[in-house]
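**Q** Read off the chains here:
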Amino acid sequence: MSRVGDDNLEAGRAGPPPSYRRRRAVAGAAAAGLLSSVLAACGSDGGGVPTLTWYTNPDSGGQAEIAARCTEDADGEYVIETAVLPREASQQREQLIRRLAANDSSIDIMSLDPPFIPEFAEAGFLAPVPEDVAGRVTEDVVESAIEGSTWDDELVAVPFWANTQLLWYRESVAEAAGLDMSQPVTWDEIVQAAQEQDVQVGVQGIRAEALTVWFNALIESAGGSIIEENSTDPSAIELGLTSEAGIRAAEVMNMIATSGTAGPALSTANEDSTATAFEGPNGGFNVNYPFIYPRALAAVEAGTMDASVPEDYGWAIYPRVDEDTPAAPPYGGINLGVGAFSQHPDLAYAATECITSTENQAYYFVTNGNPASDTTVYDDPEVLEQFPMAPTIRDSLELAAPRPQTPYYSEVSGGIQRVYHPPSSVEPETTPEAATELINAVLRKEQLL
Amino acid sequence: MSTTTLPPSEKTQPVSAPDAKTSDRAKSERKLGWLLAGPALVVMLMVTAYPIAQAVYDSLFDFRLTDPDNRSFTGLSNYGVILSDWLWWRSLLVTGFITLVTVAVELVLGFALAMVMAKALSTIRPVLRAAILIPYAVITVVSAFAWQFAFDIQTGFVNSWFGWVPGISAETDWFGDTWTSLLVICLAEIWKTTPFISLLLLAGLAQVPEVLQEAAKVDGASWWQRMRKVTLPNMKAAIMVALLFRTLDAFRVFDSIFIMTGGANATESVSFLAYRQTISRLEIGLGSAVSVLLFLAVVFIAMSFIKGFKVDLSQTRGDA
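Just so you know, the protein sequences line up as chains A and B, in that order. Residue numbers 1 to 449, in the UniProt record's numbering, belong to the letters of the first sequence in order. Residue numbers 1 to 320, in the UniProt record's numbering, belong to the letters of the second sequence in order.
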């Protein structure tokens, strides 16, 4: 390469020497040879071990480590390489869909957020799950994770890790307020306790997916659903926002937002900012994912937080809307989809079985703080030692309610985020009606979102 | 004192313009012109004209990316949906507001900075220019994150540093309200792109003939009179270019809004609206129609500027 460059330089200084044409021809041939060998290297898999590309959501390196472990276990049958997707779930969806719509065969395995799975399945972007694989990957798996991987009564993805929100509280605050946290608590009780103790209730009021997550938990706990009648025809979808449960959910959201306990930044509060507020002197209650526990321990280890803070952390099942209705905690996590255009779907499914093995889920839970969908992991002594709240997480997963499953989830969630934001503007008399009108119009393609 | 500019150049026709009877030389020059400009023209057609034509075509369909089988021709109905929706008009108003405020402030600030750079001592001039240009070198997304972090209610420093200012306290949530959100978005835009406008105006200042300034001084014109009657009229083309570029740029504002508010609190711009329909909702038809309307708005702005300023850029070439 450098020779070609030197020749050009020389030619530029002294004008074309007599042998210039010959040398230029040689340089051209060398460049063409190099280009063709590069293209050949790109275009073939060399007939060697097939490489599977796993598109992962950002984490603390756990999925990359599992990929390395499974590559080793495959003993030369396949190699798993990881490619990291954007941080936001909605952006992960956008990137994957654009590639899949162009029949991208490089997508072998995908880490998918559950609410987007129906859309991928309906568009034909997921390779069908072989029956024997479906039987094995749903063994001992929590019901909410199976539900999240199912579309049209068929398993279309492999449950990997299953997340849920708990009610985190400061034991000192709950004690001072006289709350019995061993019993189910309601949102009213928490807000009242927080007002008495002058502490904050951390909820995610930002105009983002987190707001839909919160609203879904409220309406499900009140005994309703965002979508009452599902359909693949968008104009036939019936919403339940104006139902009694929908109105009750709006009442609770309004009550929390206007109680003065949700903090001044409720309309921009996400999971991270509410975790930060919970760590501070005004921290009282926070509905959040289990990551906030290892986060606090890491801060103590780094010397940025006093050890007494996480020692004061307590956890319980997510609050319920009314005393006589059960809680419906948010369900999240990641399930694995196999790309419909993958050149090795059989190997990809074999890889998903390795990735979701009990050992790997336990490893992922302990090192990255992401709870397993496999119930047997919760009996692992190492998991119990690192996450004393593991049994509560398992109970919460059993109660958890997935967000509405529809290929038009993006429209439904976007409509809720637009009308129910900021939470302080939510009026039980008008907001459910306005949201229903907007979402219906958007689904009928009569309005923008 | 009347406005003073140098008379226009005698040579108003491009050198390569063919006469009525095209000579061989003119023919070969024209051929050379096409050979030189041709590749650029082809590239322009590929990267600009083709996507625009594709967007116009797609905008006539009901087409969802995840449901390509149900694609159907709907004519202009996508445009009807957009133009009858308050969201479109609100986004247009927000975009217009951001454009107006940022461009107006940037013009004044940019001109002041350009004057400072033009008058600064030659020894410190390079350092000064580099210092002024630094914000423009920062990627817009990075700048948006920096401003967001600065104003964040929990981790930002603005509330604690400026707590003494009436209306600002530890509980001021800048991104929790429309006007405060727009204020921060505008500030970020102004900080980021004022250097660009000042650089263009500096080039314009350098084009003002010194001989006219001296003549005005001899006639006893004050600084303000020289500015109004000599400097500004001779910078007309530069001012128009600066304003036009920045207005078009500001009208397409996206990054700052995406990072800071995500479109919450009615801070959505037209570009953001196009992004949401096309990328988030995957409604390619509807999103393309929004993009086409955005394109038409940009063309309208460009035409208005060129007509409004009455400047023929081809005539001002090489006058300096």
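Because the hints were derived from the structure by calculation, they are not lab data. Beta carbons are placed, not taken as given, at the ideal position from N, Cα and C, and that holds for glycine. Some hints could be false.
Rough simulated footprint, nothing fancy, chain A against chain B, three-plus residues with beta-carbon under 8 angstroms [stated by the list, open to error]:
id, stretch
1, 59-70
2, 167-177
3, 215-224
4, 277-287
**Q** At least three residues with a C-beta closer than 8 angstroms to a C-beta of chain A: is that true for the stretch 215-224 of chain B?
**A** violated (count 0)
**Q** Within the assertion that chain A covers the stretch 59-70 of chain B, do at least three residues meet a Cβ-to-Cβ distance smaller than 8 angstroms?
**A** It holds, with 5 qualifying residues against the three required.
**Q** If you count the residues of the stretch 167-177 of chain B with a beta-carbon closer than 8 angstroms to a beta-carbon of chain A, do you get 3 or more?
**A** holds (count 5)
**Q** Against chain A, does the stretch 277-287 of chain B show at least 3 residues with beta-carbon separation below 8 angstroms?
**A** holds (count 7)
Violated hints amount to a single one, hint 3; each of the other numbered hints is respected by the structure.
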